[in-house]
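Please work from the sequences and hints to get the whole structure.
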Amino acid sequence: MKNRIKTGLLALMALALSFTACNEDDPIMPVDESRYMQEDQMARPAINTVFVSSAEKDAFNTTVPSMQGAAFADKFNDKLLALNPGYSTNALGLDAATFTSVLATDVLTVSTEGKTTFFDGANVLTGRALADDVISVELLLIFGGPEGTGNPGLTDDNVDANDKAFLNTFPYLATPH
Amino acid sequence: MKKTAFILASVLIVMAALFITPNYPIAHETDYERYLNEEHLRNKQQELSSRIEFWEQKLEAAPGNFVFQKKLAGLYANHFKLSGDIRQLHRSDSLLLAINSRLPGQVGVLQSLAANAITRHAFREAEDYIREAVGIGENKFTSSLMLADVALERGNRLEAQLLLKDIASGAHFDYLIRKVKLHDQSDELDEAVRTMEKATALARASGSTPISYWSLSNLADMYGHQGKAGKSYQTYLEALRHNPAGLHALKGIAWIAFSHDKNPEEAKRILHFLQSIHPVPDYHLFLAEIAAYEQDTAAAQIYRERFLREASQEVYGNMYKSYLCLLKNEEGQASEALEIARQEVRERPHPMSYHLLAWSAFQNGNRQEALDILDRHVIGQTGEPEALYHAGIVLKESGRSAAGKEQLRAALEASFELGPVAARNIEKYLEE
Chain A
1 MKNRIKTGLL
11 ALMALALSFT
21 ACNEDDPIMP
31 VDESRYMQED
41 QMARPAINTV
51 FVSSAEKDAF
61 NTTVPSMQGA
71 AFADKFNDKL
81 LALNPGYSTN
91 ALGLDAATFT
101 SVLATDVLTV
111 STEGKTTFFD
121 GANVLTGRAL
131 ADDVISVELL
141 LIFGGPEGTG
151 NPGLTDDNVD
161 ANDKAFLNTF
171 PYLATPH
Chain B
1 MKKTAFILAS
11 VLIVMAALFI
21 TPNYPIAHET
31 DYERYLNEEH
41 LRNKQQELSS
51 RIEFWEQKLE
61 AAPGNFVFQK
71 KLAGLYANHF
81 KLSGDIRQLH
91 RSDSLLLAIN
101 SRLPGQVGVL
111 QSLAANAITR
121 HAFREAEDYI
131 REAVGIGENK
141 FTSSLMLADV
151 ALERGNRLEA
161 QLLLKDIASG
171 AHFDYLIRKV
181 KLHDQSDELD
191 EAVRTMEKAT
201 ALARASGSTP
211 ISYWSLSNLA
221 DMYGHQGKAG
231 KSYQTYLEAL
241 RHNPAGLHAL
251 KGIAWIAFSH
261 DKNPEEAKRI
271 LHFLQSIHPV
281 PDYHLFLAEI
291 AAYEQDTAAA
301 QIYRERFLRE
311 ASQEVYGNMY
321 KSYLCLLKNE
331 EGQASEALEI
341 ARQEVRERPH
351 PMSYHLLAWS
361 AFQNGNRQEA
371 LDILDRHVIG
381 QTGEPEALYH
391 AGIVLKESGR
401 SAAGKEQLRA
411 ALEASFELGP
421 VAARNIEKYL
431 EE
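First to last, the protein sequences are chains A and B.
Per our numbering, the first sequence starts with residue 1, numbered consecutively.
Per our numbering, the second sequence starts with residue 1, numbered consecutively.
Just so you know, the hints here were simulated from the structure itself, not pulled from any lab data.
Computed from a predicted structure; not experimentally measured.
Please note that the accuracy of each hint is not assured.
[What the hints assert, rightly or not] With a straight-line Cα cutoff of 30 Å, these simulated DSS-like cross-link-like pairs (lysine-lysine) come out:
| no. | chain 1 | residue 1 | chain 2 | residue 2 |
| --- | --- | --- | --- | --- |
| 1 | B | Lys396 | B | Lys428 |
| 2 | A | Lys57 | B | Lys71 |
| 3 | A | Lys79 | B | Lys70 |
[Stated by the list, open to error] Chain A is nowhere near these chain B residues, computed Cβ spacing over 12 Å in every case:
| no. | residue |
| --- | --- |
| 4 | Gln69 |
| 5 | Asn100 |
| 6 | Gly230 |
| 7 | Lys231 |
| 8 | Arg241 |
| 9 | Pro244 |
| 10 | Gln343 |
| 11 | Arg346 |
| 12 | Pro349 |
[To be verified] So, partial list: chain A residues that the calculated Cβ filter (under 10 Å) puts toward chain B:
| no. | residue |
| --- | --- |
| 13 | Asp26 |
| 14 | Pro27 |
| 15 | Ile28 |
| 16 | Met29 |
| 17 | Pro30 |
| 18 | Val31 |
| 19 | Asp32 |
| 20 | Glu33 |
| 21 | Ser34 |
| 22 | Arg35 |
| 23 | Met37 |
| 24 | Glu39 |
| 25 | Ala59 |
The beta carbon of each residue, even a glycine, is placed where N, CA and C say it ideally should be.
Quick look at the structure:
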C-alpha cells in the first residue's frame, strides 16, 4: 500500500522531461558539405554510367584517368559482351578488347588541328561539339557491328537535336529552360 | 590592517559570489528578443515553398519524372523540419517509395528513405534501406556513415565503431560528431563535450551555416548535460546568430529560463511563441512540466492530455514513443506503457529503451523483472540522468536502497537537465 501511494505521488513528479539533445529527438546527423571530395568524373557521355557497375562506381570515380585502363578494361570488356554477346568488331574496326581499352580510359580526346567532332563518318574522336549526336554514335559503336548496320533498333536514341537552340556566342549552351 | 581588510573583503565577495551566482538569472530577453519573431521562419518557409512550387510544376508537366520526384522528396523533408507538419515527411516518403518501386536500387533514393525513416524513429526500416544501399556500393562513404548512425540507435556499438574506423579520419567533422555519440553512450560526458567542441570548431571554420547551427545547438545541449547553464546559454545565442530561425536553440533558452532561472513565466512566453509558429506536440510536454512546477495541477493535466492526444496519432509513428511511455506510466496506464516500451526496445535496443522497459515493468508491479533488466542492460551502460533517476527509484523501492541512492545522487548532479520538478522529487527520495 505504501508503495502504491508513493507511485501516486510520483504521478505529478516523475516525468523527468530531460532536455534531450537534438541527436536524440531528431537523430539525423547533418552532412558536412564544406569538405570537398572527388565524387564523380566523366568525359565521354554515358560511358561511366553504362559500363561501370554500382559496386565499382566509387572506385572508378576516384581513379585518375591514366590508371583507369589497367584497372577497368577487363570489366568494360565483360560489360560490352554482356550488352552485345554478338560483338565482333565495330565500325572503327576495333575488336572488343581494343575498343573497351579505349573506352576504359575515360577522357575526351581533342585534335588541335582539323574538325572538332565526336564522330562524323570521317573523323573519330577529334573532340566533341555541342550538337554531336554522341549517344547515337556510342550505340552504333556498341551494337552496330563492323558495318554499323547491325541491331538497327538499338543504334539510335532517336533524339536528333537539342530541344532548344544553342547560342552562337559564349557560353554557347542553350539558356536554362 | 588595510591589507587584512582587503583580503577579508575579497573573501566575503568571493563567498557572496559563490552563494549568489547559482540563482542569478542567465537568460535576458534583450539577448534573444529579436529571434522571437516569426519573420525569420516565415522567410525560410516561403523560399522553400517557392522551390516546391517550381518542381511541382515541372512534375505536373512530366508526370512520373523521377528526377523531379527526387527533388521534391528532398524539399518536402526539409519542409517538415521547418514547419513541423508531419504530412510533409510522409509526402516525401511516398515520392521516394514511388521511385524505388519503379526503379529499384538507386543508392540516393535508398539513402533518402533511410534518412526519413531515422527522422520517424523507424530504425529497423532505416537499417533495411541503408544496408541495401551499402550492398549496392555506390557512394559508400555516405551510406557507411548512415549505417553507423543506425547501428548506434540499434545498439550495435561495435559495428558503428568499426565502420567509423574504416571510413573516416579522426580529423573530420563527420567522424567527430559520431564519436561524440559513442562517448555520450559510454557515459563519457566530458570527452563527448571535448569532441563536440572540436567538431564545432571545424563547423565554424567551414563557414557553413547549417552545420554551424547544428553543432552549436548540440554543444549547448551538452553544456546543459554538464550543468553549465551559463555556457549553454551563450552557445545557444551563438547558434541563433547563425540561424535566427533556430527553434531548438530557443527551446534550449526556455529550458534555462525555467530550470536554472526558475522563471516559468519567461519560459512560457518563449514556448508560446514556438507553439505559434511550429505546432508540434513537444511543447505541450514542456508546458506540463512548468505547470507541475507551479503546482497548477489542472493546467498540467490539460497539457499532458494534449500531448497524449496529439503524439499518439498514427501519423507520428514511433517519434514520441519514449515520451508516451513515461507519460502513460504516470497516468496509471502502466500496461499500455509496457507495450510501448517493448516496441521501443525492438526498434531501438539501447540502454535508454531498456530503462523504459524496466521502469514500465516496475510500474506494473514486476519488480524482479525490472531489476533484472536494469542489471543487464542499463546500470553502468548509460549516464543519461533520466535513466539514473528512474533506475534509482526502482532500486530503492525494491530493497536495494544503497545502490538506488547512488543512482539518485548521480542523477541529482544533472538537476539542471532533469528540471526542478524531478530534482525536488529526487531530494525527497534521498531524505528517506
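Right, here's what the structure says about each hint:
Our distance criterion of 30 Å between C-alpha atoms is met by Lys396/B and Lys428/B, whose separation comes to about 12 Å. With a C-alpha separation of about 22 Å, the suggested pairing of Lys57/A with Lys71/B holds against the 30 Å cut-off. Between Lys79/A and Lys70/B, the direct Cα distance comes to roughly 28 Å. Compliance with the 30 Å bound is thereby established for this hinted pair. Non-interface status of Gln69/B relative to chain A is upheld: no Cβ of that chain comes within 12 Å, the nearest being about 19 Å off.
With a least CB separation of 15 Å from chain A, Asn100/B remains clear of the 12 Å interface cut-off, as annotated. Annotated as non-interface, Gly230/B keeps its C-beta farther than 12 Å from every C-beta of chain A; the closest such distance is 15 Å. Against the 12 Å criterion, Lys231/B stays outside the reach of chain A, whose nearest CB is about 15 Å from its own CB. Distance check on Arg241/B: its Cβ is at least 17 Å (rounded) from any Cβ of chain A, clearing the 12 Å threshold; non-interface status holds.
Non-interface call for Pro244/B relative to chain A: holds, since the shortest CB-CB distance, roughly 17 Å, exceeds 12 Å. Residue placement check: Gln343/B keeps its beta carbon more than 12 Å from all beta carbons of chain A (closest about 17 Å). At the 12 Å boundary, the C-beta of Arg346/B stays outside the reach of chain A, the nearest C-beta of that chain being 17 Å off. Interface exclusion of Pro349/B from chain A stands, the closest Cβ pair being 14 Å apart, more than 12 Å.
Because the closest C-beta pair between Asp26/A and chain B is about 7 Å apart, less than 10 Å, the hint holds. Of the supplied interface hints, the one on Pro27/A holds, with its beta-carbon coming within about 6 Å of a beta-carbon of chain B, less than 10 Å. Because the beta carbon of Ile28/A sits about 5 Å from the nearest beta carbon in chain B, less than 10 Å, this interface hint is met. Using the Cβ-Cβ criterion of 10 Å, the hint placing Met29/A at the interface with chain B is satisfied: the shortest such distance is roughly 6 Å.
This hint holds: Pro30/A has a C-beta 5 Å from the nearest C-beta of chain B, less than the 10 Å allowed. Among the interface hints, the one on Val31/A holds; its C-beta lies about 7 Å from the nearest C-beta in chain B, closer than the 10 Å criterion. A least Cβ separation of about 4 Å between Asp32/A and chain B falls short of the 10 Å threshold, and the interface hint therefore holds. Contact between Glu33/A and chain B, as hinted, is supported at the beta carbon level, the nearest pair being about 6 Å apart and thus within 10 Å.
Below 10 Å, beta-carbon pairs count as interface contacts, and Ser34/A has one with chain B at about 3 Å; its hint therefore holds. Interface restraint check: Arg35/A against chain B, minimum CB-CB distance 7 Å, threshold 10 Å, status holds. Checking Met37/A against chain B by beta carbon gives a least distance of about 7 Å; that is within 10 Å, so the hint holds. Here the hint on Glu39/A is kept, as its CB sits about 8 Å from the closest CB of chain B, short of 10 Å.
For Ala59/A, the interface hint holds, since its Cβ comes within 10 Å of a Cβ in chain B; the closest pair sits about 9 Å apart.
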